[in-house]
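So the chains spell out like this:
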Amino acid sequence: MSEDNEPRKPARRKVELDPKLAAYKGVWVFVEHERGQVHPVSWELMGEGRKLADKLGVELAGIVMGTPGPESRQFCSEAIHYGADLCYLMEEDLLKDYRNEPYTKGLTDLVNSYQPEILLIGATTLGRDLAGSVATTLKTGLTADCTELAIDMENRSLAATRPTFGGSLLCTIVTLNYRPQMATVRPRVMAMPEKDGNRTGRIIVHPLDMVEESIITKVLEYIPDNLQGKPQLAFADIIVSGGRGMKKPENFQLIWDLAKVLGAEVGATRPIVQAGWVEADRQVGQSGKTVRPKLYIAAGISGAIQHRVGMEDSDVIIAINSDPSAPIFDFATYGIVGNAMVIVPALTEAFRQHLSTARMAG
Amino acid sequence: MHIVVCIKQVPDSAQIRVHPVTNTIMRQGVPAIVNPYDLYSLEEALRIKDQYGGRVTVLSMGPPQAEAALRKAISFGADDAILVTDRAFAGSDTLATSYALASAISQIEKDIPIDMIFAGKQTIDGDTAQVGPGIAKRLDMQLLTYVSKVREVDLANRTITVERRAEGGVQVLRTSLPCLVTVLEGTNEMRFATMSNMFRAARYPLKTWDKEKAGIEDLTKIGLKGSPTIVSKVFAPTPKSVKAEIIDTESNQPRDLAVTLLAKLFTKKPNLVRDIAKNAP
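These protein sequence lines map, in sequence, to chains A and B. Each residue of the first sequence is one higher than the last, beginning at 51 in this note's numbering. Each residue of the second sequence is one higher than the last, beginning at 3 in this note's numbering.
Extracted from the complex, chain A is given alone in its bound form (with noise of 0.2 Å):
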């Protein structure tokens, strides 16, 4: 994509691939883990190579770089599960922590061997930093952050589209002579796929040469994070957030009255995280966090696009905002016109009294 602050004008290159990069066949997805637990964005984009890899015809594969042992075959069968045709496995001790070096070297090899035509890679801090350094050694184009993936049957190219300009507009971006077609795609954008036991797969074991003394990074110590009391708005089951409609930060408690009522996390857009109100964390949109919660419920918020891409695939979005003609009723499931300051506390007693009814009814 464009580093440069304008978006190029859109260019229209109808390109007859060189037959060498004609060669490189199939959808490929990294299987990001860590401390034994496979990233779930993986597998999100498991359910999405699995569309790519049919529209093209063409195998999925998934990659799993890890420590000789049951875990990483363990994740080669999920993988499967989760609709890869097969898996490449790279087992040495040296894989045991992400470090840049091996991982870059390990993912190019096997890029290098059996020739994907596209490589997708979920955003992470892991992710981003392997990705860069994958797509550069193999000079080849790489898209962030994209918020859908198609192809473009004209010449078997991905079309990668995310937003651009803080989200202002939506770009496709597209990599016409270079293989593979590379992608990332930040956690909770798409779908989890179904998983499925019964579903089979081979898995091909490729050898990384390197040994542990030709790599100078090494990694001293992990520290696993304190979760206790941390937000975790990208795995919520329900998020009530509140918006500049909220006028002031004491009026934001009726946000968390609510969420209380609901088990819900909390969540705000940018304005009200750049104000103090609420901590960074729970700043849903483009520059803060993905959800897509089975409920979302938006007071005070209008529903601009840097907001709206972060939480436009929750299953149902309750909207609350007194101007009629805000942008958040055009993609919401249900709007109620009206000050949020009288309207959160009527559905937090609301809420409250239905949960309590449906309790007793057992």
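No wet-lab data here; the hints were simulated from the structure. Be careful, since some hints might not be right.
[To be verified] Taking lysine-lysine pairs in the DSS-like style, the calculated list, with each CA pair at most 25 Å apart, reads:
#, chain 1, residue 1, chain 2, residue 2
1, B, Lys151, A, Lys268
2, A, Lys75, A, Lys101
3, B, Lys235, B, Lys223
4, A, Lys70, B, Lys223
5, B, Lys227, A, Lys70
6, B, Lys280, A, Lys280
7, B, Lys112, B, Lys215
8, A, Lys310, B, Lys266
9, A, Lys297, A, Lys310
10, B, Lys280, A, Lys245
[What the hints assert, rightly or not] Pairwise CB distance ranges (calculated):
#, chain 1, residue 1, chain 2, residue 2, range
11, A, Val261, B, Gly170, 22 to 32 Å
12, B, Ala70, A, Gln87, 39 to 49 Å
13, A, Lys344, B, Glu252, 25 to 35 Å
14, B, Arg57, A, Trp306, 47 to 57 Å
15, A, Pro299, B, Gln67, 51 to 61 Å
16, B, Glu252, A, Gln87, 51 to 61 Å
17, A, Pro90, B, Phe201, 47 to 57 Å
18, B, Lys209, A, His256, 38 to 48 Å
19, B, Arg57, A, Lys344, 53 to 63 Å
Idealized CB from N, CA, C, for every residue including glycine.
Fit chain B to the given chain A structure using the hints.
Positioned in the frame of chain A, the structure of chain B alone reads:
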């Protein structure tokens, strides 16, 4: 200790407006700022210089007006500033940008050897986080991204120990110099410019390098030609065809509105009660 800090001038994205008819960016009057993430890197570099001595050179690629961003960096305490600017760079994507910057860094290195490169975690306009890793790979340097703390620089052994943000925790990494570091937001707080540095910034004879001075040998690796990615379409998000069902009642009292809404909600999504009950106190 010689540290190069890569910075970018970006439009203040909080103030960008899109033209309602043409869907183009309206740039008039949008102030240009130093990419905020770069300031954490600059400050960290300045702190290392304060502690261990040496020089900080700031480097930027961009249009001539990006000079302002470099002067800003001088006012914070950077020693030297170089602007790489040439029409030939226009349209560069991240791969081409990292090539141009790596080439310029190699030219800087000819004068004074470089021990460390700092770059922003990402920019606020491109948001890719790809140029830093790209430069490290091109210069065959060790890469430390998302650094939240520089624990120690050991000049005798030429090593650096940092804390790096991982998904579920913090990795403590030690590597050898030279290396490229990108810094996580919130790691430090940018110092105030001193009066003397502000004067210096105003008078500083900024170095402007065109593609030749930046050492670009292969013109097919820069600009549009050197960019594998192509923007095929820029468009405004399509409005959803289904608008919200606006709840209204005869009374339009908040209580009635809330009860009506809940009735509709739980009719449509009966399982939601269970999901709420699972989490609710």
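These are the hints, each one checked on the structure:
For the hint linking Lys151 (chain B) to Lys268 (chain A), the alpha-carbon distance of about 16 Å falls within 25 Å, and the restraint holds. Proposed proximity of Lys75 (chain A) and Lys101 (chain A) is supported: the alpha carbons are some 15 Å apart, at most 25 Å. Restraint check: the Cα-Cα separation between Lys235 (chain B) and Lys223 (chain B) comes to about 23 Å, which is no more than 25 Å; the hinted pair holds. Between Lys70 (chain A) and Lys223 (chain B), the direct Cα distance comes to roughly 20 Å. Compliance with the 25 Å bound is thereby established for this hinted pair.
Distance check on the hinted pair: Lys227 (chain B) and Lys70 (chain A) sit about 20 Å apart at the alpha-carbon level, within 25 Å; holds. For the hint pairing Lys280 (chain B) with Lys280 (chain A), the CA-to-CA distance comes to about 19 Å; that is within 25 Å, so the pair holds. For the hint pairing Lys112 (chain B) with Lys215 (chain B), the CA-to-CA distance comes to about 12 Å; that is within 25 Å, so the pair holds. For a cut-off of 25 Å, the pair hint linking Lys310 (chain A) to Lys266 (chain B) stands: about 22 Å separates their Cα positions.
Under the criterion of a C-alpha separation no larger than 25 Å, the hint pairing Lys297 (chain A) with Lys310 (chain A) is consistent with the structure, at around 21 Å. For the proposed pair Lys280 (chain B) and Lys245 (chain A), the alpha carbon gap of about 23 Å is at most 25 Å, so the pair holds. Under the hint 22 to 32 Å, the C-beta atoms of Val261 (chain A) and Gly170 (chain B), about 28 Å apart, fit the expected range. The supplied range of 39 to 49 Å is met by Ala70 (chain B) and Gln87 (chain A), whose beta-carbon atoms lie about 46 Å from each other.
Separation of Lys344 (chain A) from Glu252 (chain B) is about 30 Å and conforms to the stated range, judged on CB atoms against 25 to 35 Å. Distance hint for Arg57 (chain B) and Trp306 (chain A): a CB-CB separation of about 50 Å, consistent with the stated range 47 to 57 Å. The hinted range of 51 to 61 Å is not satisfied by Pro299 (chain A) and Gln67 (chain B), whose Cβ atoms lie roughly 38 Å apart. Distance hint for Glu252 (chain B) and Gln87 (chain A): a CB-CB separation of about 53 Å, consistent with the stated range 51 to 61 Å.
The hinted range of 47 to 57 Å is satisfied by Pro90 (chain A) and Phe201 (chain B), whose Cβ atoms lie roughly 53 Å apart. Checked against the hint of 38 to 48 Å, the C-beta distance between Lys209 (chain B) and His256 (chain A) comes to roughly 47 Å, which is consistent with it. Between Arg57 (chain B) and Lys344 (chain A) the CB atoms are about 55 Å apart, so this pair conforms to the stated range of 53 to 63 Å.
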